[in-house]
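The number in the numbering used here is simply the position in the sequence shown, starting from 1, with 53 added.
If you are wondering where the hints come from, they were derived from the structure by calculation, not from laboratory data. This structure is a prediction, so every number in the text was calculated from the model and none was measured. Don't be surprised by glycine CBs; every beta carbon is placed ideally from N, CA and C. Incorrect hints may have been included.
[Stated by the list, open to error] Computed Cβ-Cβ distance ranges for the label pairs, DEER-style: (1) S298 - Q613: 29 to 35 Å; (2) I267 - H474: 29 to 35 Å; (3) R123 - N163: 23 to 29 Å.
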Amino acid sequence: MPQLNKAGLLKAQMKASIGNYVNGAILMLLISLLFYIALYQFQTTNKTTLNIWLLVQLLLCLILVLLSVRYCNHFDDIKAIWRNWIEIPFKIIAGLSWGLAWVLFIDPDNLSSMIILNTYITGMLAVCTFATPLDQRATNACIFSCALPLIIKATLIGSFFFIWIALGASILTIAFYFFSVKLNKLYLTLLLQDEKNAHLIEALKTEKQHVEKISQEKTRFLAAASHDLRQPIQAINLFENVLASLLTQDNQKEILVKIKQSNQNLSDLLEPLLDISKLDSGIVKASPEMIYIDDVFYRIEQQNKVLADKHHIDLRCVSTSQQAFIDETKLLSILNNLVTNAIKHMGRKGKILLGVRRQKQGFRVEVWDNGQGIPELQQQHIFDEFYQVSNPERNRNKGLGLGLSIVKRLSKVIGCQLSFHSLFGKGCYFALSFPAQTLIEAPLTQTEIPIETSKQAQITQVNHQYYVLIIEDDSVVAEALNSLISSWGFKTQTANNSTTALASLKKSIPDIILSDYQLQQGETGLDIISMIKQQTKKVIPALLLTGNTNKENIKIFQTQPYPILYKPIQPEVLKSKIMALL
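The whole structure should be built from the sequences, with the hints applied where relevant.
In structure tokens, the structure reads:
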């Protein structure tokens, strides 16, 4: 626990006192004027003395204002002399000026003046007590310098009545003193608590910066690791396709199928990392359209039926006529993540139910399951990245623990509120609450969208005159791309930097450029494409490949004029993209 040091206490005392000098001056001025007006009407009052007393009060008020203006934000200029030569002397002078008012203007034969003076002194004692609660010495100086002149004068008068006044004033002074001591302790406790809170806030800021640094380092590591993993996986993908056309025996083909499946599992593990990077980069935007929720449910059932049957889980969607203006692709992704997550972590035979519930302000899409549920202590972490409740052995079939993190981010993108409840041993409940403006009451016209078959047909009918320039600095990936694209009937040439790429132009100008984005020695595929454009004076269709999923780079990719594919890329996807550029 931090201790209240002398320097910190002095600064707090100066800030409290000097900061209230103007308010104190205004209060002194008002009370002094009221006191002056009240006493001026009595014939026994010495008007000259009263005028001098008022001038003294005005001078004290002016001094307070000047001190506040000069030193309100410049405590260091007077901190060495402030308490002993400014604050305490001023409190003594002010207290005496109030206490002497009783001595100078008391009239034993005038009851009204005694009432006014006694009331005035009592009020001034209260002001002394509350004026400087952080500085007990200054408070004591003010209280006793205000009360002693009254007590001494009343005692000297000597009458029974004034002796009682002196006694009462003494008791009142002692009471105010002890009250000021308690008030001082209270304020010091609050000040200590403030200092402790300041230390805690500073510690939290430091810890937050530390966590953010770790998070940034983790992100950079994952991006680098993801990039390094995507390169060999990409090469394997491409070689698999070439190898498939060379194998003739069934047992060889079976082994290749297993290799493909294992490689696909690796690719599936990397895809959520790319999704997270895209969502964190802010480039993912909602594209709402008029949809039937029932169509989304149907696709969920079709896509997850095999997996659900494999785990002996009954997956059902309650039919609904609900229509909405929502991004269908992202809603499908959210529900797919929730359903597959429920299937993988069910841990027993069970049921998963999807449905829609209308509300006064919109509607909810709900996902229920009667699985194992999540322990209460772990529920706050389920949306954290890489957190898995029931996978201590890190079974890769259960993924990386990014599904619910993606769900949380996508929910914000499409503008719905994600809520979650779970009872351990009984199951989980997720709800996506959509606002009223997403509702569509008018019926939609469902139309069949014809499938474009002409381009698909062209995929297997490559004209041999097309020439593809492959720019890739990873020799294994370059060889795999060259073998695969050549097997499709294209003419190919490989290059690994700008020098070899420009040199290849002497042989022939490519019809398509296929380039990795990040090359060696700081070069990028965009740089080389631009150089080729300048040298050939032609705009050549280009396709960029990258294994870099850093969110900053993803933002850059979105501003480029060429399509980009993230490694690992399936051969059929690559082929279709190349054909689309022809």
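These are the hints, each one checked on the structure:
1. Take S298 and Q613: their Cβ atoms lie about 33 Å apart, and the range 29 to 35 Å holds.
2. Taken as a hint, the range 29 to 35 Å holds for the pair I267 and H474, whose Cβ atoms sit roughly 31 Å apart.
3. Checked against the hint of 23 to 29 Å, the pair R123 and N163 fails, with Cβ atoms roughly 42 Å apart.
When the structure is compared with the earlier hints, a violation turns up for hint 3 alone.
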